[in-house]
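Note that the protein sequences, when read in sequence, are chains Y and U.
Mind the numbering: the first sequence is residues 20 to 385 in the numbering used here, read in order.
Mind the numbering: the second sequence is residues 20 to 385 in the numbering used here, read in order.
No lab work stands behind these hints, which were simulated from the structure alone.
Warning: the hint list may mix true and false statements.
One copy or two, it doesn't matter: identical chains are merged, so the pair holds either way.
The calculated lysine to aspartate or glutamate pairs, modelled on EDC-like cross-linking and capped at a C-alpha distance of 16 angstroms, are [to be verified]:
| # | residue 1 | residue 2 |
| --- | --- | --- |
| 1 | LYS379 | ASP269 |
| 2 | LYS281 | ASP93 |
| 3 | LYS379 | GLU50 |
| 4 | LYS281 | ASP70 |
| 5 | LYS281 | GLU66 |
| 6 | LYS379 | ASP236 |
| 7 | LYS281 | ASP321 |
| 8 | LYS281 | GLU367 |
| 9 | LYS281 | GLU257 |
| 10 | LYS281 | GLU191 |
| 11 | LYS281 | GLU84 |
| 12 | LYS379 | GLU366 |
| 13 | LYS379 | GLU291 |
| 14 | LYS379 | GLU278 |
| 15 | LYS379 | GLU179 |
| 16 | LYS379 | GLU84 |
| 17 | LYS281 | GLU224 |
| 18 | LYS379 | GLU326 |
| 19 | LYS379 | GLU244 |
| 20 | LYS379 | ASP81 |
| 21 | LYS379 | ASP54 |
| 22 | LYS379 | GLU358 |
| 23 | LYS281 | GLU244 |
| 24 | LYS379 | GLU257 |
| 25 | LYS379 | GLU333 |
| 26 | LYS379 | ASP93 |
2 protein chains.
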Amino acid sequence: MILVADRRLDGPVRIVGAGLLGASIGLAMRERGVDVILDDISPSALELAIDYGAGRAGVDGDEPELIVVCVPPDVVARVVAAELAAHPQALVTDVASVKVAPLEELRTLGVDLSRYIGSHPMAGRERGGAISARADLFIGRPWVIAGHDDISYRGAAKVEQLALDLGALPIEMSADEHDRNVALVSHAPQVVASLLARRLGGATESAVSLAGQGLRDTTRIASSEPELWVQILGANAEPVVGILRALRDDLDGMIAALEQPKAPGSRRAIAESLAGGNAGVARIPGKHGQANHYSQIVVNVDDVPGEVARLLTEIGEAGVNMEDLRLEHSPGAQIGFAEISVLPEVEERLATELAARGWKIAGAFA
Amino acid sequence: MILVADRRLDGPVRIVGAGLLGASIGLAMRERGVDVILDDISPSALELAIDYGAGRAGVDGDEPELIVVCVPPDVVARVVAAELAAHPQALVTDVASVKVAPLEELRTLGVDLSRYIGSHPMAGRERGGAISARADLFIGRPWVIAGHDDISYRGAAKVEQLALDLGALPIEMSADEHDRNVALVSHAPQVVASLLARRLGGATESAVSLAGQGLRDTTRIASSEPELWVQILGANAEPVVGILRALRDDLDGMIAALEQPKAPGSRRAIAESLAGGNAGVARIPGKHGQANHYSQIVVNVDDVPGEVARLLTEIGEAGVNMEDLRLEHSPGAQIGFAEISVLPEVEERLATELAARGWKIAGAFA
């Protein structure tokens, strides 16, 4: 239940670019009772986002307090400059995945930056467009605010308020720090996933018939839009190249070791690469920006309608709050299983209660 | 509900190696009423698997009809040879992730192969050991049976029966074809995920604070055991190296393009790599070995106990069978969402019924 009072920004908010991010911001702010003005260079994209309830078309005399530019990286600086000129009272931000290039381009254009501050919500989906938009896209996600010296602390406040209103977690860092960080945690992984997936282009049917969840997860983001990613990678090329070169050196080492797998030192080299992967993956915080401290209970669930509901009802009756749920279900198979995440202190009690009610516990993990 | 009659193998089945795969096979066959004899070089691992109900310890006079060797790749051939000698009536199989090397080693050892056929269930978890075992591990998963010329069709039948009893899908291919296939869909992805994750070893807190689901998915399998993977990669080095070399060439091309992102041809080279990734990922079948033809409905769910149960109860009342469910939940946020997968023909009706019952539909996707 969202209360209208539960918001920091009063609006109007103007959103330029009615794709996934723009329409999602619009939906969420409209839920909070804020007047949202949408614009897009494509009339049909604009109409679609309006149909979805993400905002209204602009009219003469609109005076937005905040403008959010949600356009591809290549055109961010020009659109920001135009918005600053057209709305001399408004604060302007953008949500592009790169922050140095637009800022430099704005400086080159000689734009007064006292009303501009870039930002970047760490949220997205493989599917783009207003059709994929949702109001809860930003909940619990980091929202980088890329501070610079030409805007005052108070002048930038509305961007932080927007992030908080959307349920995101504002994090301040410089444009340069942001770009180096996302090169590591987002842009290089995109390249790696794409190059790995590209190897499947010539795969036989026999090979892809053996594909499992590991391959699906490793290559999932390779289905992202090339047009957008060419812009992102091009605009953040130098930090990305630095990571890719280090990765290539590691890859060369792995290839050399596997060319002579029985040579002295080869097994050690392979093991150290794999152990380095263990250590690296352990650095990644859990799903919600914190280490995952939940315990899991896996319960067998018969494949008939209502069984999962009955399970969850009984978890509720046991007074346990479920933190997360994964359901695995194989069509044609007679059973699936539900992996229930709970706080560690209630795991044992819940397992006991469920077993007493006749549920088959397939496993429990700390 | 598993009926005892619903099985092809009568047993006893002897399982050598009581880790994840061995204990999971034991659990599943015991559910079907089959006598399962467990063995392990580690007495404590054996006791643990017996405690979990995966089988019993062997006694003199046991006459298994099928022996399943579930030990690491390096020792498969020796254990298979010993089992063939100790049990002259039994068919012997193994479940290792490589199939050429054990077969060649058995030939080198001069073993009669008329009672041995290798196999490989395409199932696993990042967590190993009997503690992670579950009876439904193989349901819906491909189970490769690596035929060779020294065993008759009828002689190999019990391995296919085992796979079917476990709910897996038997697929016959040669050891060589298997090893080339898994190099592409499993072993090279493991290397790539590990090398990418290794880059995170030196990441700042600031960088990892921005990690999202894309990074988590791309690196998830990098948490696998190095000890096991050194053996797998070493035993399948040549096919894996072939894929890694092609990947390195693509990576070199990407690095060259990003070194000069504004040079003529650079953007095109980047775009073609990314588009190649799109095409490759499209080759991967859906979760259950087939393209995913479900539609998704996303419903807002208040973060209070019992809400998800109420939702699923009402889906059941609407007479709709849910094919899959993903629940997203942010601690501290007031709402999460449930992504419900259903057959496309019922999506619209379900969305209408849920909306009529007051549920907030955040989105619906074909």
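Next on the checklist: To test your reading of the hints: which numbers does this structure violate?
Outcome noted: 1, 4, 5, 6, 7, 8, 10, 11, 13, 14, 15, 16, 17, 19, 20, 21, 23, 24 and 26
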